[in-house]
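Since the structure of chain L is already known, use the hints to place chain C on it.
Number of protein chains: 2
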Amino acid sequence: MNPPLSTPGPTLGVVGGGQLGRMMAEAAAPLGVELVVLDPTPNCPASPVVREQIVGEFDDPDAMRELADRADFLTFEIELADPDLLEEVSETAGVPVQPSPDTLRTIQDKLVQKRELAEAGIPVPAFRRADDADDLRDALDELGAPAMVKARTGGYDGRGNAPVENPDEAEAVLDAVGADEGGAMVEELVDFEREVSVIGVKGDDEVATFPVGENVHEAEILRETVVPARTSDAVRERAEAVARDVLEFLDGRGVYGIELFETSEGDIQVNEIAPRPHNSGHWTIEGASTSQFEQHVRAVTGRPLGATDLRSTTAMANILGEVDERQTAELHGVDDALATPGIGFHWYGKQEVYPLRKMGHVTAFGGSSDPDELLRKARDARDELSFDT
Amino acid sequence: MNPPLSTPGPTLGVVGGGQLGRMMAEAAAPLGVELVVLDPTPNCPASPVVREQIVGEFDDPDAMRELADRADFLTFEIELADPDLLEEVSETAGVPVQPSPDTLRTIQDKLVQKRELAEAGIPVPAFRRADDADDLRDALDELGAPAMVKARTGGYDGRGNAPVENPDEAEAVLDAVGADEGGAMVEELVDFEREVSVIGVKGDDEVATFPVGENVHEAEILRETVVPARTSDAVRERAEAVARDVLEFLDGRGVYGIELFETSEGDIQVNEIAPRPHNSGHWTIEGASTSQFEQHVRAVTGRPLGATDLRSTTAMANILGEVDERQTAELHGVDDALATPGIGFHWYGKQEVYPLRKMGHVTAFGGSSDPDELLRKARDARDELSFDT
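Just so you know, the protein sequences line up as chains L and C, in that order. Under the working numbering, the first residue of the first sequence carries the number 15, and numbering increases by one thereafter. Under the working numbering, the first residue of the second sequence carries the number 15, and numbering increases by one thereafter.
Since the hints were derived computationally from the structure, they do not count as laboratory data. In this text, a Cβ means the ideal position worked out from N, Cα and C, and glycines have one as well. Don't take every hint at face value.
Chain C regions said to be covered by chain L (calculated; three or more residues, Cβ under 8 Å) [stated by the list, open to error]:
hint, stretch
1, 41–48
2, 56–63
3, 320–333
4, 347–354
5, 358–364
Bound conformation, chain L alone:
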């Protein structure tokens, strides 16, 4: 290893050019890594800061082959990437893809993901397969109701998840999560004290975890993250230990977002894993010695990992589409947010806003080591912003 750096540097081909690709590009340039992204939306969020965008669907073999041909390394920033196609173009072009398509395959199917985690001895909430309403009713007998129904594939940002209150709702809920496409699963509703997450990264013979973040969700969508999580040292240590077990279980270099529940008894259970940088790790841009995006680029291009220590207490608040319908995005109040000392502002460059779409985020750091105060500060800055005129 330890390859020399020259210009043009190594090209990283990324399936997906959304905000994660955009922030990856911002972090890749200082490392001398150039990005080419594949995304179906012309002028996707990453496009202004990458060498090139290939406009194409994620499952378009020609577009994927073009991406692989242009790249020295391949990765993805969305779970919608096609693992078979990734494997094929990687082999044909002789270009490594990280994380492993096998890992992507496992994670894409929430039932398989949970089953394999459980088999690896990693604590997860009780769950059952629920392909049809009869399955689901049987499962509710065992798990109790209410419970959480999840489409096995295709869901994100809360889409594909829905609570089921009682057996009579079985059909309606399966319908609502879109279970007809790839089946569904049902999970016990965890009586959690708080939701936490650990951003982990696997390198070449090394792993690292960032400090544990505490997440605030509403309607299944992440609203805020604050670091360090406002819990006990023991819980933080347990969360990190579970995250390290998860990293051990996963195959392939790269960053993983590991969402966890802290139960009311102080236990840790794995909720979901994302095989990519994660919204709950955006705080690392200002808050950690190395950002999750830089870590991902380092890991997938075979460079050593950076330090993951917290620079100072940090809070992140998402700028979501608080609108009634899809419309051209016009964000107001930007100067008010920018004029607040110690606020980082991140716009994702999306032309349209729709309800609850992730449009950007703000980060509060410095000036205090009190998580409550920084969370309040991040929220206040975010609340200066609106899509209404």
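Just chain C now, with coordinates in the frame of chain L:
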């Protein structure tokens, strides 16, 4: 003011696409600002991270007009920009240019710069005009020898500057600095204790200064900066006060690099001003709440300035072309530098290296609040790197 943000966001047209343009692009994306750069070198350092590079000379009217037509705001990252042409294309296209071309004009001519600073009551070393050898010999009678001869225009990174030891060398030194092109000036050699600098920024009705940095030069080229400067509080306050006077004197929004001498008596004198982000401010990327690049983008696009406070003691070391002749750049030892905890790595994406060319920089931050230790750490990381095989 307080314009809403939409996508595509405002486009900033930048004259020059070197490392300053590259780091400006990295900082602009989170603000929703897209860059188009004008640079004569195809695949210039900024090119992988900007929307578009226009390949053209800085004094090519057609290329400059194209840049202005593509932009909502104009700025420059090199003093070689042509102020007359900037003024003309800005007016024709109806696009504001910041800082003011007048300021660029003043700064481009080192004699005019010094004269106007002196007239504004800002402390500068004693200086004289020296158009020919007779002038120079007369000046040396007054200022004493040795002294520093500087070409009035076109110099950078120490080129265009040379010490003169005695009157007999007058012709040779004027020749060496290239005085035939735009004349020369001569300055008393300041008996300085240390070289410091302040990165200052002018916004719309507000100014801000970053903490005072201490610079280490060798052969007139900046090698390292450490912040805070290892001097007394009184000297730091004096340096900031002088920097604020300089900002008051300058016309136009944007970041300015203000190089200062701390004399052996603890006085502050202005050495030189750059009307753009400056090498001695690269530490701000990791070390300050807002980087000098983000500040420049905020200022020239009419947004409020960010906080300039120091996040932690920080040291920056330049990766210079330590080679005997121009060659394809191939940097070795990158993994060793990247594996050092708390080191930021910045590659500028230049294809060729030549003696003392600025190729990148490393930043040491965190883990200690001792400037000596961080300076040593930055140097050690930099010294892992070499262009020899």
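We went through each hint and held it up to the structure:
Evaluation of the coverage hint for the stretch 41–48 of chain C: fulfilled, as 5 residues show C-beta separations to chain L shorter than 8 Å, against a requirement of three. Figure legend: the stretch 56–63 of chain C, annotated as covered by chain L; annotation consistent (4 residues with Cβ-Cβ distances under 8 Å, at least 3 required). Note: the stretch 320–333 of chain C has 5 residues with beta-carbon separation from chain L under 8 Å; the three-residue rule is met and the coverage holds. Counting residues of the stretch 347–354 of chain C whose C-beta sits closer than 8 Å to any C-beta of chain L gives 6, which meets the bar of three, so the coverage hint holds.
With a threshold of 8 Å between beta carbons, the proposed coverage of the stretch 358–364 of chain C by chain L holds, since 6 of its residues qualify and at least three are required.
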